[in-house]
Amino acid sequence: MIRLQNVTKVYDGGVVAVQDIGLEINKGEFVFLVGPSGSGKSTLIRLMMREERPTEGDIWVAGKHASKLANWKIPHLRRSIGTVFQDFKLLPNKTVYENVAFALEVTGRPRSVVKTQVPQVLKLVGLSANAARYPRQLSGGEQQRVSIARAFVNRPLILLADEPTGNLDPATSVGIMRILDRINKTGTTVVMATHDHAIVDAMRRRVVQLDRGNLVRDQRGGVYERRAEPPIATGAAEAMEDDRPEPGYAPPVSAPLPGSHHDDHSTAAMEAAESPEVEETPTELFQAYVEDHPAEGDRT
Amino acid sequence: MSFQYVLTEAFNNIRRNALVVLGAILAVFISLLLMFSTLVFGEIARVNTLQWSEDVRVIAFLRDQFRDTESLMDTVRSWAEVEEVFFVSKSQAVEEARILLASDEAALRVIEETPTILPASIRVRPVDLDEYDLIVQRLQASPGVSDIVTAGPQVDALASLRDGLRVVFWILSVALGIAAIALIANTIHMAIYARREEIEIMRLVGASNWFVRIPFFLEGMLEGLFGAALAVGVGVGVYRLALDRLTELPDFVVITIGNDFLVRWGVLTLAFGVLVGALGSSLSLAVHRYLRT
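Heads up: the sequence lines are chains A and B, in that order.
If you're matching positions, the first sequence starts at 1 in our numbering and goes up one per residue.
If you're matching positions, the second sequence starts at 1 in our numbering and goes up one per residue.
Don't read these hints as lab results, they were simulated from the structure.
Careful: at least some of the hints might be erroneous.
If the Cβ cut is set under 7 Å, some of the chain A residues that face chain B in the computed set are [stated by the list, open to error]:
| no. | residue |
| --- | --- |
| 1 | K73 |
| 2 | P75 |
| 3 | R78 |
| 4 | Q86 |
| 5 | N93 |
SDA-like mimics (lysine to any residue), calculated; alpha carbons at most 20 Å apart, straight line [said to hold, decoys possible]:
| no. | chain 1 | residue 1 | chain 2 | residue 2 |
| --- | --- | --- | --- | --- |
| 6 | A | K94 | A | K73 |
| 7 | A | K89 | B | L19 |
| 8 | A | K68 | B | A179 |
| 9 | A | K64 | B | L268 |
| 10 | A | K73 | B | E70 |
Sample of chain A residues with no beta-carbon within 10 Å of chain B, all distances over it, derived [to be verified]:
| no. | residue |
| --- | --- |
| 11 | N6 |
| 12 | V10 |
| 13 | P36 |
Cβ coordinates follow ideal geometry from the N, Cα and C atoms, glycine included.
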């Protein structure tokens, strides 16, 4: 689905953002890009969505040779990629419904498609009741869910998320991760750049770690740090292990993440829910998760 | 929905920056009004000096019975002070009269009823455009010549006035046209800036480049069209007013120009306005960083 070969990106001024990256992501995978700020996560995302061209190397995305793609063909590539960002990028003068519909309208989809797809995807992210509201009337988590709905409304093959929980408190982040997980279950490849330890550790998905532009680790079912027990995320990691028979085993369905009750009605409605739901999410798990991330809770 | 969307967007943009847009439209208006009046004035001058085009200074009307035109022209051509001789037949004279007497219905009717009433003539361009007395004297002595007219000082004055005004007006209208393009580019620039978030998202979700650009392009063309429509409207209006008011003109001055001229150049001026608008918006679209890929 995504393939990078010897990819190097040097920005004007000689800053080397990523260096000689080789990476292959298959259809339906969920991949975390981790690493400290400036390690090249965002650059990789931007390269994948063809916002940037690599200085060297080749990139294939959704069957297209993205690094060689002519400018006028970028829109076609973008239609098979959904993008989610830390700052939501919603249009303040449009309602939730209009923000999501916008993605279909400007790509020339017929009105009938808009009328069926938008309510469906709003249901998926649990915002059906807020369709007529404006972004300023929503919480950060709700705004991010609108942005995810917009990214997913045309059923892209790939969803690229750059720090989607960066502006959200841990409890809200959990809701976001449930939705991303749900989207991944529909077969959509998800690539998420993050430095949220708890999320990565709890989800146990493929982890690609970057350090100063180099790919230093590519591990399936990995945690944020290479160390077995990351100091920050201990509580959550332990809690997760209690929940699961085999440590390191990639979680099968939407089980791993604790969720607030707030999310439950939407979860049930999600169309992706083909596999049986794990309804009980231990309250202790949720508590442990939140308590372990006091710093991030302050950021909104 | 696409076309409606595009049109709505363009109108919304215009409303949002009403004042700046007004400035751009006024620049187009003044520029094209100058251009249009230059054309109209040029046409009036051309009609008035129709007989004297090609630097003709002497016209010798021929008797109807005179048949030996060829040898007369050869003779005249052989004179050292003559540069060129043209022959205007009776039917060509009628054609000319139709334009010259367009405003004089009675005279026109006479000509249409008896087309042979107008004499044929030979027209002489002298080597020295200010010195043709000798030619006149010799023509008077020639056979077949009934009457002779020469280009008076009025014709010369009108011609030089026309040439002078033409240069000034064209320079002004080109300069203002460039200003109009720049002003339209500026309005488009502001419209793009005002909608930069929307453009960013459109590009993120894969809206095609033309879909992003067309509303802005159309906005520029609409502004150009509005300015041009004003210019044509005011130009034609003032001309009509002048036609009504200027009844005391000397006989030899004709200010009636054909309707087909007004329609043809009116439409071309509108097209030119749209072109100015298109140039302005393409200029803006080409340099704008929010649209660069």
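Structure-inconsistent hints, enumerated in ascending order: Those not satisfied are hints 1, 4, 5, 6, 7, 8, 9 and 10.
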